[in-house]
Amino acid sequence: MPGLPGRRDVAVVAFAQTDHRRRSDELSEVEMLMPVLHEVLAGTGLRTGDIGFTCSGSSDYLAGRAFSFTMALDGVGAWPPISESHVEMDGAWALYEAWVKLLTGEVDTALVYAYGKTSPGEIRDVTTRQLDPYCVAPLWPDSVSLAALQARALIDAGDTDEPALAAVAARSRTAARANPHAQLSGPVPAGDYLVRPLRTGDCPPIGDGAAAVILAAGDTARRLCARPAWIRGMDHRIEAHSLGVRDLTDSPSARLAAERAGAFQQPVDTAELHAPFTSQEVVLRKALRLGDDVDVNPSGGALAANPVMAAGLIRIGEAAARIHRGASDRALAHATSGPCLQQNLVAVLEGES
Amino acid sequence: MSRTATGKEPVAVVGIGQTKHVAARRDVSIAGLVREAARRALDDAGLDWADIDAVVIGKAPDFFEGVMMPELYLADALGAVGKPMLRVHTAGSVGGSTALVAANLIAARVHGTVLTLAFEKQSESNAMWGLSLPVPFQQPLLAGAGGFFAPHIRAYMRRSGAPDTVGSVVAYKDRRNALKNPYAHLHEHDITLEKVQASPMLWDPVRYSETCPSSDGACAMVLTGRAGTARAPHPPAWVHGGAMRSEPTLFAGKDFVSPQAGKDCAADVYRQAGITDPRREIDAVEMYVPFSWYEPMWLENLGFAAEGEGWKLTESGATELDGDLPVNPSGGVLSTNPIGASGMIRFAEAALQVRGQAGEHQVDGARRAMGHAYGGGAQFFAMWLVGSEPPPG
Numbered sequence: 060m061p062g063l064p065g066r067r068d069v070a071v072v073a074f075a076q077t078d079h080r081r082r083s084d085e086l087s088e089v090e091m092l093m094p095v096l097h098e099v100l101a102g103t104g105l106r107t108g109d110i111g112f113t114c115s116g117s118s119d120y121l122a123g124r125a126f127s128f129t130m131a132l133d134g135v136g137a138w139p140p141i142s143e144s145h146v147e148m149d150g151a152w153a154l155y156e157a158w159v160k161l162l163t164g165e166v167d168t169a170l171v172y173a174y175g176k177t178s179p180g181e182i183r184d185v186t187t188r189q190l191d192p193y194c195v196a197p198l199w200p201d202s203v204s205l206a207a208l209q210a211r212a213l214i215d216a217g218d219t220d221e222p223a224l225a226a227v228a229a230r231s232r233t234a235a236r237a238n239p240h241a242q243l244s245g246p247v248p249a250g251d252y253l254v255r256p257l258r259t260g261d262c263p264p265i266g267d268g269a270a271a272v273i274l275a276a277g278d279t280a281r282r283l284c285a286r287p288a289w290i291r292g293m294d295h296r297i298e299a300h301s302l303g304v305r306d307l308t309d310s311p312s313a314r315l316a317a318e319r320a321g322a323f324q325q326p327v328d329t330a331e332l333h334a335p336f337t338s339q340e341v342v343l344r345k346a347l348r349l350g351d352d353v354d355v356n357p358s359g360g361a362l363a364a365n366p367v368m369a370a371g372l373i374r375i376g377e378a379a380a381r382i383h384r385g386a387s388d389r390a391l392a393h394a395t396s397g398p399c400l401q402q403n404l405v406a407v408l409e410g411e412s
Numbered sequence: 501m502s503r504t505a506t507g508k509e510p511v512a513v514v515g516i517g518q519t520k521h522v523a524a525r526r527d528v529s530i531a532g533l534v535r536e537a538a539r540r541a542l543d544d545a546g547l548d549w550a551d552i553d554a555v556v557i558g559k560a561p562d563f564f565e566g567v568m569m570p571e572l573y574l575a576d577a578l579g580a581v582g583k584p585m586l587r588v589h590t591a592g593s594v595g596g597s598t599a600l601v602a603a604n605l606i607a608a609r610v611h612g613t614v615l616t617l618a619f620e621k622q623s624e625s626n627a628m629w630g631l632s633l634p635v636p637f638q639q640p641l642l643a644g645a646g647g648f649f650a651p652h653i654r655a656y657m658r659r660s661g662a663p664d665t666v667g668s669v670v671a672y673k674d675r676r677n678a679l680k681n682p683y684a685h686l687h688e689h690d691i692t693l694e695k696v697q698a699s700p701m702l703w704d705p706v707r708y709s710e711t712c713p714s715s716d717g718a719c720a721m722v723l724t725g726r727a728g729t730a731r732a733p734h735p736p737a738w739v740h741g742g743a744m745r746s747e748p749t750l751f752a753g754k755d756f757v758s759p760q761a762g763k764d765c766a767a768d769v770y771r772q773a774g775i776t777d778p779r780r781e782i783d784a785v786e787m788y789v790p791f792s793w794y795e796p797m798w799l800e801n802l803g804f805a806a807e808g809e810g811w812k813l814t815e816s817g818a819t820e821l822d823g824d825l826p827v828n829p830s831g832g833v834l835s836t837n838p839i840g841a842s843g844m845i846r847f848a849e850a851a852l853q854v855r856g857q858a859g860e861h862q863v864d865g866a867r868r869a870m871g872h873a874y875g876g877g878a879q880f881f882a883m884w885l886v887g888s889e890p891p892p893g
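Protein chains in written order, with my numbering: chain A, 60 to 412; chain B, 501 to 893.
The following block holds chain A by itself, in its conformation from the complex (with noise of 0.2 Å):
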């Protein structure tokens, strides 16, 4: 399927990622990010200077400082300047913002990058950070405690019980071994109840990361890519915020997004599902419509590695790598922000036979 009439074909064309890992004390945010943009630039040949976009995602929040990303920036190499912007938001909207400048028709190439380190804080505190300032943030609801809600919404709804959440994580884990970036693979006990109904098995493993990803348009993409993944469609939507007017078992975000972006029009073979517990796949996998003939994060997905606000864009990483290595001709990819899957993005990717 081509893309939109008159829309400029942008594909990604090389994606790197970290060795996620529970903890990097040792290593500063730059020093985790350097060898990943060095890795994904050498996969294309390309230096810093030939990229005509640059766009990043991470959090201040995580960071514990404010301007964290500049320190990035620096690691980057944006001397002389370059054209550059960063999103406070998941590396995956990073993405999103680079594509539009590529469909622009301004540049040629866009370089996205993210990372996070959850290691050095509480991550269940933190995120309650993002929650409404005066009725919400007060209590500090952690995203655990959020997520059970949903998890207990979904065995209520009868979609699922928690053998299926169990054979979520036991399906994502087995995948990971053949993941060397995966941070929890193989056999993982589901443990004992975090949050009822959630097990620690149902939870993603906490830990530091990053990833990078090219994007090239047209025939620069034909060049640097023997199989570029051609964006086929991308979009993202968000819902109201405050979870007791959403209905948790569904994700009508995701559905719209996928819709925008296309992923309705022929089905996909390759699904990588931004979905940190168990549970959230079981919502997603429904929004999205996604059939048992679907291979569902065979890199193992977020339960085997999350690092946040880098996840999201590791799984476009991922479907991308998969057309790249031909294991996949048309793939989904999604990423999440927010409680409860509060913002969902969705972008439809292409491989040419």
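Keep in mind the hints are simulated off the structure, nothing from the lab.
With a cut-off of at most 16 Å between alpha-carbon atoms, the simulated EDC-like pairs for lysine to aspartate or glutamate come out as follows:
#1 B:Lys754 to A:Asp133
#2 B:Lys508 to A:Glu165
#3 B:Lys680 to B:Asp864
Selected chain B positions facing chain A (Cβ under 8 Å, derived; list incomplete):
#4 Val567
#5 Tyr573
#6 Asp576
#7 Gly582
#8 Lys583
#9 His589
#10 Thr590
#11 Ala591
#12 Ser597
#13 Ala607
#14 Leu631
#15 Thr749
#16 Gly876
On the chain B side, residues computed to face chain A include the following (Cβ under 7 Å):
#17 Pro561
#18 Phe563
#19 Met569
#20 Met585
#21 Met744
#22 Ala761
Glycine included, C-beta positions come from ideal geometry on N, C-alpha and C.
Chain A is fixed; fit chain B onto it per the hints.
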């Protein structure tokens, strides 16, 4: 390339809304603040929430309010539910960058009409200490931005030989311009040049009255393409050029007085807009001047004056509201500084000028105006040039 774009969609500003900027808006929540500006922008555009395809929001560091990724909580207040919502953060330049990201959504024909908004509600927290969190093995930014920029101002004074009164001339001008802008934070009716020059020294050579205030405020714009402008009730401001440039914070050879990224960014905008003589061809400039001395410094960096000559332009009165190159007719950042919104206010005020809607601070016959923002350690730049006529082609 095999299939190039069929040309960009021209982008125009058809709606502008600001809050009355003040030290503390205790009567509204963060959501209430942003909604006020957004509603005013929609009213100006003759549109309603349902007419908006996407929302692009920007603000400076999340620590300034103590809310992590506040766009998640603001989705409802900005009518973004069911729509795309993007959050930009590029330090002090963010208000400008946010507008440019929104403009690209139109230019690329991804969306038809986009609401873009930037805000800061500084009274929720303390920006100076938000900037000063200690980080191991890194140079501390003690006492906020003033302490960081004062040495670079001294370097400019030494390099250019500017008399030490130039900063006070800028502050006196901007604070008087603010009296003509009903949305400006500071309205100092009894301001005199002598009072500026007698105000306490904060970070030598920057005096209290030569420093931006801490403000609560929001600014919103509605951007649209050609079809959207045909329906707009008021004249549009057309985007003739826009660019962002970044350079590292610190490196050997960095020129803090006149950063290369600022020069490159301006050159890109002028190239897009077909400007060859900015001093003659641009009718008004809204530039990001948080400390008075940055006016002459940016006049040089943006090519309005030769190196070392910017202060002479200021001193001559050319940058006054009735001068031949009015700078910050709105009163500028020196009179209003909701940090994350300050860049967007520059962009919006430039648009107001070419729409002929700047009221008492209107520059007569302004046809082309520039909006400028910078941030970080004078390393992030965002600029646009808007005109009363559509761009050629």
